[in-house]
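Peer 1: Knowing the structure of chain A, use the given hints to seat chain B with the ligands on it.
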Amino acid sequence: MGKNVLKFEHVWFRYGEDLPWVLQDVSFEISRSEWVAVIGHNGSGKSTIAKLMNGLLFPQKGKILINGLEINEETIWDIRKQVGMVFQNPDNQFVGTTVRDDVAFGLENRGIPREEMIKRLKDSLAAVRMEGYELHEPHRLSGGQKQRVAIAGVLAVSPQIIILDEATAMLDPNGRKEIIETVKTVKEQDDVSLVTITHDLNEVTLADRVLVMNEGKVWMEASPKDIFAKRDELKEIGLDIPFVTKLAAELTDRDVILDSEPLNHDELLEELWRFHLNR
Amino acid sequence: MNNAFIIGQYVPGESIVHRLDPRTKMIIIFLFVIVVFFANSVWSYGLLTVFSLLCALTTRIHFSYILKGLTPVWFLIVFTLLLHLIVTKEGDVLFRVFSYPIYSGAVAQGAAISLRFFLLIMVTSLLTLTTTPIEITDAIESLLQPLKKVKFPVHELALMMSISLRFIPTLMQETEKISKAQASRGVDFRTGTAKERIQAVVPLLVPLFISAFKRAEELAMAMEARGYQGGEGRTKLRELKTGRLDISVYALFAVVVILLFIIRD
Ligand SMILES: Nc1ncnc2c1ncn2[C@@H]1O[C@H](COP(=O)(O)OP(=O)(O)OP(=O)(O)O)[C@@H](O)[C@H]1O
Ligand SMILES: [Mg+2]
Chain A
1 MGKNVLKFEH
11 VWFRYGEDLP
21 WVLQDVSFEI
31 SRSEWVAVIG
41 HNGSGKSTIA
51 KLMNGLLFPQ
61 KGKILINGLE
71 INEETIWDIR
81 KQVGMVFQNP
91 DNQFVGTTVR
101 DDVAFGLENR
111 GIPREEMIKR
121 LKDSLAAVRM
131 EGYELHEPHR
141 LSGGQKQRVA
151 IAGVLAVSPQ
161 IIILDEATAM
171 LDPNGRKEII
181 ETVKTVKEQD
191 DVSLVTITHD
201 LNEVTLADRV
211 LVMNEGKVWM
221 EASPKDIFAK
231 RDELKEIGLD
241 IPFVTKLAAE
251 LTDRDVILDS
261 EPLNHDELLE
271 ELWRFHLNR
Chain B
1001 MNNAFIIGQY
1011 VPGESIVHRL
1021 DPRTKMIIIF
1031 LFVIVVFFAN
1041 SVWSYGLLTV
1051 FSLLCALTTR
1061 IHFSYILKGL
1071 TPVWFLIVFT
1081 LLLHLIVTKE
1091 GDVLFRVFSY
1101 PIYSGAVAQG
1111 AAISLRFFLL
1121 IMVTSLLTLT
1131 TTPIEITDAI
1141 ESLLQPLKKV
1151 KFPVHELALM
1161 MSISLRFIPT
1171 LMQETEKISK
1181 AQASRGVDFR
1191 TGTAKERIQA
1201 VVPLLVPLFI
1211 SAFKRAEELA
1221 MAMEARGYQG
1231 GEGRTKLREL
1241 KTGRLDISVY
1251 ALFAVVVILL
1261 FIIRD
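Those protein sequences? They're chains A and B, same order as listed.
Numbering follows our numbering, with no gaps: position 262 of the first sequence is 262.
Plus 1000 on top of the position in the second sequence (first one is 1) and you've got our numbering.
Excised from the complex, chain B in its bound form:
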């Protein structure tokens, strides 16, 4: 039953990508998302595809597993392609489907946009596949530090995220318990009209909320008793370190970007 509680899609491992500082991964992905939009030729797309596939390979996670994680977005990718084939009317007519003309420009543009979309989603999913949620939280806290100057509650945001992560399994167990308790009293969650099913959720949500509030109150009390007084003057056990590995990755990425700008049209 523990497996059901794994949050996100993290796959434990020891690969280079796993060992990277989560901040490095986030920054590179952020830059990658921007850079993808500068690709405009076959060669530039080829370069980015090779880079992404290389990243995926380095994680040592089965490629089929990575692709399976993308299932929900396959539909969007295919839809984008089809839309382009139907709407775009540039270049020569390549062939006809039931006398509907398909243009060469449509194929090129559709393929480019779909590929762009695919690369974005895949590279982003590598982050959640190789980084634990708590590491991501730490990275966000660290990267948002500058926002503290404008009074943005960075520490509080990170604390909120980590407490949510901590309580998701607990609340899931509780939901299961309550739904069983209510089912034994005759509440039916599975059958009936949509309206009836929504009504059946109410006796599930009310006790869940009440207990969540009680938990929150007790947790706040326990935190205070343990000397919590906000982010000021706090030290941290989990530390993020940018090492030589991270620097090499930045360098590699810089080379890729420079190459891209050389070979794009």
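Only chain A is shown next, with the shape it has when bound in the complex:
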């Protein structure tokens, strides 16, 4: 992880003069190739943060910097080349009449020559494992496939930061898994930073760092392990912890003390074996 690619400096934001502040003095940084998960209760300002990151909204106070470049009216078009965004509703972000046209949309907007477009189209569809679907219309795709196409559309313009604002929220468990797998491979192959906004705490466990938002403020910033260790406090601000973490806590209450806090099923199994052997 190198220097920061994204920086919020004391950002304040509200949707109107007479409306309450939605974000209050928010500051944080995201490093190169880092995966940051943002969690928080409904209305805590997560989507607002996402929209501020690529200039769909501008802060009233404070600064947002992408690679040292401040986001404002003049720089948004450069910023949007570097920050890609996937939204929640798979249907309402599909612009093209076919998969091919949709992935090309971002490239067309940037005036990329046609030959280059065809090459990038192929690469990014391969990255999300959607080869062979080029001519499919959106109504012939599942929600998960549509979201993968949306990710391909973002990858095609090779941004440095990819934001997923609850991109898995409207999908069934299978669709969710597809997207998470896709995002994981993309992360491994490309040198991108990821920001995933989610209510699914299982997704959070994959991140390098977690940003917990509460009532428009950064409530905590730590690794997934440290965050889930605070389960009572999390509950107070309306967040639940993942099943594995909950199970581990219940086990601790029953005198099954594990060496370290497990984050997924494999780690839990590992810890249980270790506990068994140490007895």
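Rather than coming from a laboratory, the hints here were simulated on the basis of the structure.
Note that the structure is a prediction, hence the values are computed from the model and not measured.
Don't be surprised by glycine CBs; every beta carbon is placed ideally from N, CA and C.
Heads up, a few of these hints could be off.
What the hints assert, rightly or not - Straight line, CA to CA, 30 Å or less: simulated DSBU-like cross-link-like pairs of lysine-lysine:
(1) 1214(B) / 119(A)
(2) 177(A) / 1214(B)
(3) 81(A) / 7(A)
(4) 1236(B) / 1148(B)
(5) 51(A) / 1214(B)
(6) 177(A) / 1148(B)
What the hints assert, rightly or not - Beta-carbon label-pair distances, calculated as ranges:
(7) 177(A) / 1054(B): 51 to 57 Å
(8) 33(A) / 1124(B): 55 to 61 Å
(9) 1243(B) / 116(A): 22 to 28 Å
Peer 2: Structure of chain B with the ligands alone, referenced to chain A:
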């Protein structure tokens, strides 16, 4: 259920007509519509009929299928013919139907007008049968380019058309969902007086409109996030190419037109 969502009447295929540049097809049809009105003799009508039938054959679409597509206009064609038979009083009396005289001029004129009508509709329908809606959109955008000089929003029009095409199936699915939801709450779309049925449509339209507006807002946001800033400086993935095939078709059509002007009276 996918079949129900095919927009227009496009029949996929690989025929010469399918492979033509959509602009070529549109220009030729436009010229054909004008040229048809210059036919005035049996021979000239014969020439145009042969040309149209030849076009229809080249599409490799079943002729009966093409004719079936014309069902709604058959009525108009027959009506035109009957009107002429009754109203026109030229030439000799050919025969009488219940003592009503039918003139030879009426038969000739009625047949000519009906045939003209038939040829126009058939050739035009060949366009939608062999061209996808998105190709037609691209062709319109390309053909209207000159209007940009007078500030006509050509790119925006094409974008609007393609987004509509993209959302028609989505909104149709949604309409079905809402109508089922409302039917389960006791709204009756099928029976009752006309007034009652119109009233039943309101609880269908209101949620549909609300959701369409929400979709539009989110789509606009997504487009902006993906760097959309209008038609300026945009490249296109789908490209239209006028090739040798198109040029041959133009040449063939030119020959037909010249022939027509030679043999017409
Ligand atoms: N366009 C808007 N106009 C006015 N207020 C808004 C607008 N969008 C959001 N808000 C308000 O801003 C606050 C934060 O909204 P935001 O969408 O950022 O929350 P969120 O954390 O993404 O919530 P969720 O988990 O429901 O997606 C909420 O109180 C919301 O009502
Ligand atoms: Mg949100």
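Peer 1: Now tell me if each hint is right for this structure.
Peer 2: Against the structure, the hints come out as follows:
1. For a cut-off of 30 Å, the pair hint linking residue 1214(B) to residue 119(A) is broken: about 34 Å separates their Cα positions.
2. For the given pair, residue 177(A) sits about 27 Å from residue 1214(B) by alpha-carbon distance, which is consistent with the 30 Å threshold.
3. Annotation: proposed proximity of residue 81(A) to residue 7(A) holds, straight-line Cα distance about 17 Å (limit 30 Å).
4. Between residue 1236(B) and residue 1148(B) the CA atoms are separated by roughly 17 Å; this keeps the pair inside 30 Å, and the hint holds.
5. Of the pairs offered as hints, the one joining residue 51(A) and residue 1214(B) holds, with about 17 Å between alpha carbons and a cut-off of 30 Å not exceeded.
6. For a cut-off of 30 Å, the pair hint linking residue 177(A) to residue 1148(B) is broken: about 47 Å separates their Cα positions.
7. Separated by about 56 Å at the C-beta atoms, residue 177(A) and residue 1054(B) satisfy the suggested range of 51 to 57 Å.
8. Range check, residue 33(A) to residue 1124(B): Cβ separation about 57 Å, and the 55 to 61 Å hint holds.
9. Look at residue 1243(B) against residue 116(A): about 23 Å separates their beta carbons, and that is inside 22 to 28 Å.
In the structure shown, a violation is registered for the earlier hints numbered 1, 6, in ascending order.
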